[in-house]
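Undergrad: Taken in order, these protein sequences are the chains called A and B. With this note's numbering as the guide, the letters of the first sequence map in order to residues 1327 to 1697. With this note's numbering as the guide, the letters of the second sequence map in order to residues 1327 to 1697.
Hint data in this document are derived by calculation from the structure and do not stem from the laboratory. Mixed in with the good hints there might be a few duds.
Copies of the same chain look alike in the list, so a pair counts if it works inside one copy or between any two.
Below 30 Å or equal to it, Euclidean Cα-Cα: the simulated DSS-like pairs (lysine-lysine) are [as the list claims (entries may be wrong)]: (1) 1647 / 1362; (2) 1647 / 1409; (3) 1409 / 1396; (4) 1521 / 1539; (5) 1409 / 1477; (6) 1654 / 1362; (7) 1477 / 1396; (8) 1678 / 1539; (9) 1654 / 1409; (10) 1409 / 1345; (11) 1654 / 1331; (12) 1554 / 1335; (13) 1647 / 1373; (14) 1627 / 1678; (15) 1345 / 1329; (16) 1362 / 1678; (17) 1355 / 1373; (18) 1627 / 1654.
In case you want the letters, here they are:
There are 2 protein chains.
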Amino acid sequence: MHKIKVNLKERGYDILIQKGLLSGCPDLKSAVSGRKCLVITDSNVGKIYGPGVLSMLKKAGADASMTVFKAGESSKNIDTYAKLLRECCRAGLDRSSVIIALGGGVPGDLAGFVAASYMRGISFIQIPTTLLAMVDSSVGGKTGIDLPEGKNLVGAFWQPSLVLIDPGTLRTLPKREIRCGLAEVVKYGVIMDEKFFSFLEKNLNRINNLDQKTFETIIARCCELKAKVVCADERETTGLRAILNYGHTFGHAVETVTEYGKYAHGEAVSIGMCMAANLAIECNKFSPGNKFSHELANRQKALLQAIGLPTSLGKGINPVKIYKAMFKDKKAQQGKLRIVLPVRIGKVSIVKDAAPEDVKRAIELVNGRVS
Amino acid sequence: MHKIKVNLKERGYDILIQKGLLSGCPDLKSAVSGRKCLVITDSNVGKIYGPGVLSMLKKAGADASMTVFKAGESSKNIDTYAKLLRECCRAGLDRSSVIIALGGGVPGDLAGFVAASYMRGISFIQIPTTLLAMVDSSVGGKTGIDLPEGKNLVGAFWQPSLVLIDPGTLRTLPKREIRCGLAEVVKYGVIMDEKFFSFLEKNLNRINNLDQKTFETIIARCCELKAKVVCADERETTGLRAILNYGHTFGHAVETVTEYGKYAHGEAVSIGMCMAANLAIECNKFSPGNKFSHELANRQKALLQAIGLPTSLGKGINPVKIYKAMFKDKKAQQGKLRIVLPVRIGKVSIVKDAAPEDVKRAIELVNGRVS
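Work out the full structure: start from the sequences and follow the hints.
TA: Next up, the structure:
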């Protein structure tokens, strides 16, 4: 079993990664025994893993029940949030109770925010069942819901007390969702670990064949890397955590302009990373310290493509619209963009003063329309 | 000017207390200059103090606007919360913006929770305009909203960046609300400061005549005492902060049974403190360490009555119902009550194993029906 410690002092916790973990986890007993537990999950995941998780909790000595909401990002709103809070009351949860977030990013974010705010905050355990949630959203304590005005505009930083990852659940995941998770996996390589990036390049066959051992290694390394960043900047205040947004400022804008219909999040991030690489090259022209080259941009692009991720924009998408949408990002402060750019594979820096024409050009360049 | 420092390290802040502070406060500039500010207030307070606060903010260099919700506890719900979050979007607030909570406990709790959760938490400034909010709810970082199932069931611990208190605003407050605030003031004396309790006894005339200097002193001392407790137990985890609940476990039950109609919060707390004093005497019979006597209970009762607060239950209120309602309190854990009892004036202890018959008797005794 891989065990990763997230060292956040009194808010510290373990991430446990092992195939078959959901059939029984000895570490669960101390976290839930004698307590009321409410499993919050969506209609897809609840059907497949709900009964097993409930029986595992009961075996660990918990007084466990489950509540299910309709699967999909459209459920991640204030109405579902209010409904789940009332379910907590109905289940009789008190301050010593535990919420279990079971599923992908949507149940994780929603249930996490419920846990962060019910009675001003109770414990919660993350059991991510998608690759994206395993390597990204379940680690780091970001919870939240969407408003009609934008995604994740409401929420809290609230750390789980335990994260249980069973890579066996990836077998039931659609291939497209695996690919989306892999976009974030590649991201970790580019932003902080060239060796890991090379590992991905060398293990493409195993990755594309969903080899369990390889995925255990990948998930564990991504969690380690994310934990390192989160510990250095828990609440996104020092700027360090911002490196995790590599590809995301562009990616969110791509999602906004295409109205969250054409691209899944990971696909938009994949395109966003290519845009960021282009911008790094554009900026490079004027700053000799930045060594990012066409060669490195192509290496990133090749890996993303080998995984099956998009690296250019579909036809009919207006680059200027994407540029404008970038300013609506939650991380834009006082009208200024902060963009994460690669310096080399394994290292990024944050640029606050990219020229608008360079940014627009970087967006256009993903389609190879400009030289 | 009284300036009280709340020493919560990176979450530390100042409480400034001075008559006339809302006409202009030099300390405001560094907190708001160049930032977007949204004043959140209710329809009563907005009318009286809204324009003044807005112009003060603008003078301090802020880009300030205001949003107003219908006055009353019934507004402290998820619908108003959702509406206010969308107002934040409309006002274009980003992570560097500031929310201003202007008014009593309801605007403070609501706006505080909006600030705690909008973009996963932005700065906020408390400007309490009721005595209760000045001495209690605006200090300590408790924010929240009600559910149909109970009060304050949802929220966050979120510290303000500054608290501005102008005792001049008490002039526009109904007398009953002043009395309610004074119930909490008396509470501070009983739980931690006998000297302050004596000060109140000696200054009854000045208190009942709303003497501004006396109120400045009272508010400053209460804030100091509360800050001390909050710093020792910010998130109500070590049990220390629980002493602030003196009179509240009984009081909340009185409010629940009378359906929040008959008694205002402070009035219910006043009755609750008398019940707690009775229970201290009941328990005293069996534990020689507890010195609380009829004499001390009467001293507390006399002060509450001199202020004009109720110290007994109205007719037709069933003590057993009150007893049962106590178990619905948010602080009840795994079906067990934790009740704060006076040891002497100026000191309390927490009792976890009070016998049900003693608790029931303590409730009945407020009406003098049992000897």
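Undergrad: Give me the numbers of the hints this structure contradicts, sorted from smallest to largest.
TA: Numbers 8, 10, 11, 13, in rising order.
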